[in-house]
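Novice: Sequence:
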Amino acid sequence: MRHLLDSINWKKEVEALNRQIKEHNSLKSKSRALIRLGLIYDQLAIKFPSKRKFYQKEAIKYFRKCLSICKNKNLKIRALNGLSIVYLHQGKYDLAEQILKKALRLTKSIKYLPAVLNSLGNVYKQKNDFKKSLYYYCLAFNKAFSRNKDLANII
Numbered sequence: 001m002r003h004l005l006d007s008i009n010w011k012k013e014v015e016a017l018n019r020q021i022k023e024h025n026s027l028k029s030k031s032r033a034l035i036r037l038g039l040i041y042d043q044l045a046i047k048f049p050s051k052r053k054f055y056q057k058e059a060i061k062y063f064r065k066c067l068s069i070c071k072n073k074n075l076k077i078r079a080l081n082g083l084s085i086v087y088l089h090q091g092k093y094d095l096a097e098q099i100l101k102k103a104l105r106l107t108k109s110i111k112y113l114p115a116v117l118n119s120l121g122n123v124y125k126q127k128n129d130f131k132k133s134l135y136y137y138c139l140a141f142n143k144a145f146s147r148n149k150d151l152a153n154i155i
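When we follow the working numbering, the leftmost residue of the sequence shown carries the number 1, and every step to the right adds one.
These are calculated hints, taken from the structure and not from any lab test. A portion of the hints provided could be inaccurate.
[What the hints assert, rightly or not] Here are the computed distance ranges between Cβ atoms for each label pair: (1) Lys108 / Asn148: 17 to 23 angstroms; (2) Ile110 / Lys53: 33 to 39 angstroms; (3) Lys28 / Ser50: 34 to 40 angstroms.
From a predicted model like this one, the values you see are computed outputs, not experimental measurements. Just so you know, even glycine gets a beta-carbon here, dropped at the ideal spot from N, CA and C.
Using the sequences plus the hints, can you model the full thing?
Specialist: Rendered as structure tokens:
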């Protein structure tokens with residue numbers, strides 16, 4: 001995924017996503033917009049350290065709102081993964097791990113499994129549990145590889 005803040009006017013995108021949430025009746029459409037907002041605010045927290053706490057609070061708010069209205073498992077998994085990343089950036093590794101394990105239990109589709117496994121690898125790396133970290137990174141790679149056979153032609 002390209003960096004969310006590159007080549008976009010993020011303020012206009014935030015406004016458009018908030019309009020989408022208000023105007024659309026589809027929970028799926030609202031959930032996607034809420035996830036996107038969460039991701040944007042998480043990136044803003046990284047880009048603007050002086051406002052980090054505010055932007056992280058906003059990211060958490062949008063991910064939680066998505067989780068409260070969303071019925072689609074894949075979107076819930078994406079919201080949980082995004083939420084865990086914010087907590088990882090805050091140094092709340094145990095909470096991030098707990099959220100990712102919940103996402104892992106929801107994951108039936110291989111589509112989002114590599115992202116969740118990779119995020120778990122990041123959590124364990126931050127916890128200095130390099131054996132578990134490597135295990136989850138390898139598992140994420142293997143799942144991604146098995147999902148996309150074209151990787152075999154690249155490697």
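Novice: Using the beta carbons of Lys28 and Ser50, state whether their distance is inside 34 to 40 angstroms or not.
Specialist: Taking Cβ atoms as reference, Lys28 and Ser50 lie about 35 angstroms apart, which means the hint holds.
Novice: Starting from the hint 33 to 39 angstroms, judge whether the C-beta atoms of Ile110 and Lys53 obey it.
Specialist: holds (36 angstroms)
Novice: When you take the CB atoms of Lys108 and Asn148, is the distance between them in 17 to 23 angstroms?
Specialist: For Asn148 against Lys108, whose Cβ atoms are near 18 angstroms apart, the range 17 to 23 angstroms holds.
Of the hints listed earlier, there is not a single one the structure fails to meet.
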